[in-house]
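Asks: The hints should help you fit chains L, R, G and W onto chain E, whose structure is shown.
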Amino acid sequence: MDTLTLALLATLSPLPAFFVALVLLNNRPSMAQAVAIFGTALALLGSVGLLLQGPTEPLRFAWFSSGQIHLQFGFLLDGMSLMFGVAVALITLCVMIYSLGYMAADPGRARYFAMLSLFAWAMLSFVYAVDLLQSFIFWELVGLASFFLIGFWYEKPEASAAARKAFLMTRIGDVGLFIGILMILPLTNNFDLPALLDPDTGLVKLAGPALSTITLLIFMGIVGKSAQFPLHTWLPDAMEGPTPVSALLHSATMVAAGVYLMARLHPLFMAAPDTLHIVLAVAAFTALLSATIAMVATDIKKVLAYSSISQLGFMLMGLAAGSLFAGVFHLITHAVFKALLFLCSGVYIHHFATNDMREIGRRGGRSLGATTLGLAIGAGALAGLPPLAGFFSKEEIFAALGHEGSTLFYIAALIAAFLTAYYTARMFFLIALPDEVVKEHHDDSHHGSPQPIVMLAPIALLAIGAVGLGFFGAAIAAQLGLVPAHHEIASMLPAVGVVILGMALAYFDYGRTAAPRRGFIAAVPALHALFVNKWYIDEFYRAVFVRLNDALSALFFAIESRFFDDGFDQVGHSAIRAGSGASRLQNGWVQFYAGATMFFVGLAALYIGLR
Amino acid sequence: MSDALLFAPELALIVTGLALFACPIFEFRYRTAWLLAAAGGALSLAAALLTIDMSGQPFAVGIYRVDFFSQFAKAALALGFVLVAVISHRPETLDRSAWVEFPMFLLFATLGAMMMVSATELLTLYIAMELAAYPLYIGVALHRSTGNGGESATKYMVQGMIASAVSLYGMSFLYGVFGSTYFSDFVQQLPAATGQPLLWIGTALLLSGFLFKLGAFPFHFWTPDTYQAAPHEVVTYLATVSKVAAIALLCRLTALMTDVQITTLLMWLSIAAMTLGNFAALIQQDVKRLLGYSAIAHAGYVLIGVQTGAQLGFSSALFYALGYLVMSVACFLVICEVGRDSDLISIDALKGLHQRSPLMAATLLIGLFGLIGLPPTVGFIGKWFLFSAALEQGQFGLVLVAAANSVVALYYYLIVLRAAYLEEAVDAAPVSVSPWVRLTALASMAMVLVLGTFPGRFWDMAARAAQALG
Amino acid sequence: MPILSSILLVPILTLCLLLLMPARAVSAIRWLCALSGLAASALSLKLFFAYDSLAGGLQFSEHVSWVEGVGISYHVAADGFGTVLILLNSLVYFTGVLTMWDLGHRVKEYFVFMVLLVIGVYGVFMSQDLFFLFFFYEIAVVPMYPLILVWGSGNKDYAAMKLMVFLLAGSALLFPGLLAIYHEAGMQTFDMVALATHSFDAEFQVFCYPFIYLGFGVLAGMFPFHGWSPTGHVAAPSAVSMLHAGVLMKLGAFGVLAVGMRLLPAGAVYWAPTFSVLAAIGIIYGAFVAMRQSDFKFVIGFSSVSHMGVVLLGLNLATLGKAGADALNGAVFQMFAHGVMTALFFSTVGFIYDRAHSKTLADFGGLGSQMPRAVSLFIIAGLCGAGLPGLASFWPELLVFLAALETYPIIGVAIIGGLVLTAVYILRVFALAFYGPPNPRWEGLRTQDMRGMQLLPRAILVAVLVFFGFYPNAMLNTINQTTAALLGRF
Amino acid sequence: MTLESYLALGLALFSLGLVAALSQRNLIAVLIGIELMMNAASLNFMAFNRYVVEDPAVGQVFVLIIIGLAAAEVAIFLSIILRLYRQRREIDSEHITTLKG
Amino acid sequence: MIEQAVLYLFVGLVLLGGLMAAFARQVLYAIIGLGVALLGLSGVFLFLGSPFVAAMQLLIYIGGITVAIVFAMMLSISMAVQPPQSHRGKSALAVVAGALFFAAVFVAMRGAEFPSPAGALPADAWAISRIGHLLLNAYNVVFETLSVVLLLAIVGAILIARRERKTA
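Chains as they are written, first to last, in our numbering: chain E, 528 to 1138; chain L, 773 to 1242; chain R, 10 to 499; chain G, 30 to 130; chain W, 165 to 332.
Okay, chain E solo, but in the shape it has when bound (with noise of 0.2 Å):
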């Protein structure tokens, strides 16, 4: 088949899925399943059959005209793009499949299905996409799809409000993202990627003083996107969504978006030293501020999703760094293990109808043996256990940290790393090693299997990513065109460290027999309160900024109904008064009406005489 037709299978196929199985099989739950799942499919296919052809020219063709701008739409088929698809297509599918399972008993699964065709429609748009505005639209998009996921539950207040607010903070990152997009067109008169990051004519080139300011503003979508501080407090509610979506989005696709917009535009980055140590600054703070929130969360998904943030933090750092190897690699095993994590909890979930660790470890979680050791892996990936995959993809990180030789952004991350053992292992334990184990009798009639084969056909696709990706590595450099550099044992030996300490504190305070269940970080209440309320930052902006916002509404709304209409009203009451006024002159007494009127035509008398 030609490039055109696997690009057009491989993005547009979900989208009649999407249409069908939402307005035409909405009553036929079974067969929308199946519709989307064919879609998703297809798109794979195609994506894999473009990772098969090879990199090759990008498509482009015609979209629209105006002014002096020039849109086009088409597919931008390079390595990154190419992998990176395959991915994204690979893990809706393994979403929808282990769906089938998660979400038999739903009502209103035609809708999920159909919704999860249009991420996937979005997502996979967004990947190839070739011109920055097509990215964009893709990009809001996602975000459109994800907050129908996240708000499936729509009956549930939580779930709504979680939605509600995934979008709006997202919305906030894409106004800088807009502003800065925008402001590259004057500059270029087009969105096409390879023409703007040509490093002899594109932006680069072109911006001058502004590209600061521009990837910045970039920088700022991208903080939206994925989540990364001030603006992440919008994917720990994402929770609220089904736990298939919380795989989906906070993996491979969702926030993903923002690294890989990141990646994609590595060169401007590089080029703009200033935005370098701000998202370096942001991304560290960022790992360090939600490891510190996940090590005291008990509800699984939780520290799952401060986990992402975490580790979308490490991308981003990595990236900073100067690496544009690591930062992919790490999105792409990441992808895969945080997958598999979400998907193991999920049968947790299911099954046990509790999202707290405790509770599960009590109720016997380790019974469910296949899903504990998806667990375990996904968990030792996470943690950067070698020779799992995050470890290679997470050393690619600490080297290019370490070779950028920013000292302070290499301790960060060690310490961040750290952290994130010590809560994956903290996990790990409180669901596999509890105190106690409450024996209850399950009725498994109504539920079916607790690991049907649905559900863990994937969760074994994705163990075996997350044994095996970070092998690859030197074949995804390949990929995007980069020879990985060789790291010298010795260089890894702190991040094995942390990593090893992490987890051994973690044993100490919740895996072992006598262990006192409670972090050390307990020690210091203080903190402890700290991190288990976020570090306050809802609060904070629900003091502040919703708090504004009311106040600014509430100022306009009295603006308008005090100013404007109470005054348009007042011009009426005062037009009839003056009317009464006006007619009180007509008092009925012809003397009066004739007096006045000689007194005016005596006026007009002396006007004219006087002249």
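Misleading hints may appear alongside valid ones.
What the hints assert, rightly or not - Here are a few chain G residues that face chain L, going by a calculated C-beta distance under 8 Å: (1) Gly88; (2) Ile96; (3) Ala100; (4) Ile109.
Derived from the structure by calculation, the hints contain no laboratory data.
Every value quoted in this text rests on a predicted model; they were computed, and no experiment measured them.
Ideal Cβ placement from N, Cα and C applies to all residues, glycine included.
Replies: Below, chains L, R, G and W without anything else, positioned relative to chain E:
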């Protein structure tokens, strides 16, 4: 013979008038007199249209001129008279003992109006003016009610007499300044006399008689009171034929003797009239009274055209006069029909008119839309011409004031419309509308709309008429 | 066959037929109007495709002298803008008739007024004569009063009067303005094509332009003269709100474009900074006020104020700076997109209101599971309002934002930031009315969701939104040449 | 006496008539005031007739017509007063103020 | 000299009558004032060269109109006998209006210039026959119209003054 032809519109009325005079003597029924009057009016209208292109002086040289202007105005007057005559097929609010004579009064008033527009000499003008006025004093006084009829007539007449005395006094000055009563002499001697304040005082005073007929500020006081408590049919006449005659005369006199002092005065009068009329109308509860105030406001609008002192202004004023005639007929026709049994008509009495008589409601709608100045009625295009004429003189501010005024006016017209069209009836008994009135209603609606959408022909006529003013 | 006059004649004939039909023949009346809407739509589509977008300029010109003495002529022609907006009007007309399919109260009169309104709107979009432009403009405005008063709801007395007073106050400004143009040119013609050849004195332009802009701007819901619009929306029946927000408000913007900017370019340039600021304030202001409303239609009403601010901003920016073409394209595109979008909004809200007899947000809650189709449609409209890509209004906003950013960076940043505000109030509606646990009070509505014929008009509107969302070229190709021609005047 | 003094006399008469018309309570007295105003105009005509005009007959005719019309006017007004009196039992101008506002 | 004195007497009568009419507390005095003023006026007319008009003034105005007014006055006999409390403010305002008018016109009148007759008047200029001639030729329309007006006035007056029939 040709003289008789020139005088044909008036002659038709005179002949009919004599026949009408015989009606009470031979104790004919009202129906006969009514039919006779309508037929006479139609005849006169036909005659006016027939002679519209003629010009000449049927009587002694200089006192009476027939030209396009006069015939155009006469056609309008005759049209108004016919419409009013048809509408008053059962003038219940009129003293029943005077029914048979009633058409005669209207007819002679019309005759007076016709003579006014042709008169080119002060004495003729004066007597024509009085001929046009006295029958209306009588008509207003012939209200059946034992309540306010007399009051209304008294007020009307006191102010009318004062206005005519002022007018007469003004004529005396013109007589003195020019030493003649002939307009032709005026024109001749005007250049020499422009510096005379007495000339312009005389002119201003002379105009007051017509301002009174028009109901313009400061001679507007009679309008609401008289409209409210005079017999509906007489009010209809006052609101239509009378106005046309007054506007025509104002045009003729202003065209004759234009001076910046007079036009400035008229401009201020115009502003005062429309502002006062519109604002005072806002709080009215009685429909006829409200329309009285609206008439004051419209007098103000028409004066916009007159005060330009230019041909475009006169033609726009004449065109508006024609439009105002048909719009008013449409409105008052409804009032005559709906208010047949009551002396006073409050806005509430119109409630649910669309159920009681869709035709009447539609007529009122079209009429009021016209008065508001909305397309596709003649009110819109009429205002367009008027404002355009003022802007030709660069009077942007005046137009702005007038336009703002029309917004104020909107309110009270809509209140009336709302009652008629949009509210449910209290008493849903259908209004019985005689076929004649039906026809008149349709005709007036058609005229309002046709004049509004295809104004070309009529505008050309008005322009020609203004041209004839010289 | 002269296509523009045919388009105009369709509703005129419909009106005549309607007047002749007995009021009892309700279903015949409906079908007549639907057919008329369909015919008008077909003709408008034909016009849309027949318009030679490469040549641009005024096409399908028809010229008949009307009042020769003063130079009034019936001159209709369509440029790119007119073509697009005529199409919009047909669309809203047709879907509006279908939306009111279930009307039972004084049906004949309703359609009479509605058709009258439609005639006026068509007339404005195709008139090339100042007189006829204003003539049709007023015709379009007036029927709103009875339509709101008889078929409206709530505080309709007040709303209808307020609307009329505002709009006619706008025409009170226009009236002297338009006539002043005529007399200043001294060409004895109201023909805009001819007047456009006259270069007006700069001082006059500066003096006259505000009258034109404000006069038309009132109808376009410009801040701070927007008060009539939300109030009117709330009280009006749904199809009237559709026409009102969908096309009527566009008349204002179109007037600014066709009269103000075309004839008085120097005035437009002079005033553009001031009016840009006002428009930008309107965008932000409308969004903030919308955030606090408790009534569906008030939210949409203020969102219209906000969105029309984008149109007006685009118009003003068109006169300034390099990105003029984008700004103007954006403004015109936004007129169309907003028209379709609000039509969808009101059509859907009207549907909900007809069944629930409530428009109060807090009354609902969880309606999403009770009337999923209606709610979905509303959500689509809402997302369009929020400027989501893939729906038509993304493009115009993009273009206007771009121009704003280039011309007035601060305004640009502020209004792009306004996107968040838009999202806030739209999502607030979703959260209050559609999401959350279903309210047992509306359980009865489960069986009354949209179906069949009720779905049709809304589906058409959605299709249009999506079509132009992904294929903006269909719009931009049509208007590009006209934009370029107009920009040539500055 | 000069023309000016005749005119001044006429003006005085007109003004006095006006005062009468405006201040008298009895409608008949109001009528009297108006008659005086008309007579002031007559006086002007006669005066101009004497001093200014080429053909003095015109002014005389004018005055004659004025007299005739005044008679008609008085007849009508008196009958209206009569009617008013029958309706209200008085002809006090200050009491016929039902129609107002 | 005596002529002058008589003229001034008539002028005095006019003013006196006017004052009486304007300020009389009783209608009767107002009527008498009217009569006096008209009488004076007809005298002035004599001096202005027109005995015919003076006679007409006497005959029609004093003999006809004033008498008619006297008859009408009988109606309001109660008011005539017992004059109502005068409204002082109102009279003052009326005087102000009158004075304003007087002043305004007077100011204008002072600067007025009037044309004087071009040549000597023809001999029969003041002849009564000339009036008749005018009325029947140039002013025939006016004359006819006057008769119509009078006729209408009479018919109207009768109709108005007739007792209203009770309407059904």
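Asks: So, for every hint listed, does it hold in this structure?
Replies: How the hints compare with the structure:
A hinted interface residue such as G/Gly88 counts as satisfied when its beta carbon comes closer than 8 Å to some beta carbon of chain L; here the least separation is about 7 Å, so the hint holds. Given hint, G/Ile96 at the interface with chain L, is violated; its Cβ is 12 Å from that chain's nearest Cβ, farther than 8 Å. Interface restraint check: G/Ala100 against chain L, minimum CB-CB distance 11 Å, threshold 8 Å, status violated. This hint holds: G/Ile109 has a C-beta 5 Å from the nearest C-beta of chain L, less than the 8 Å allowed.
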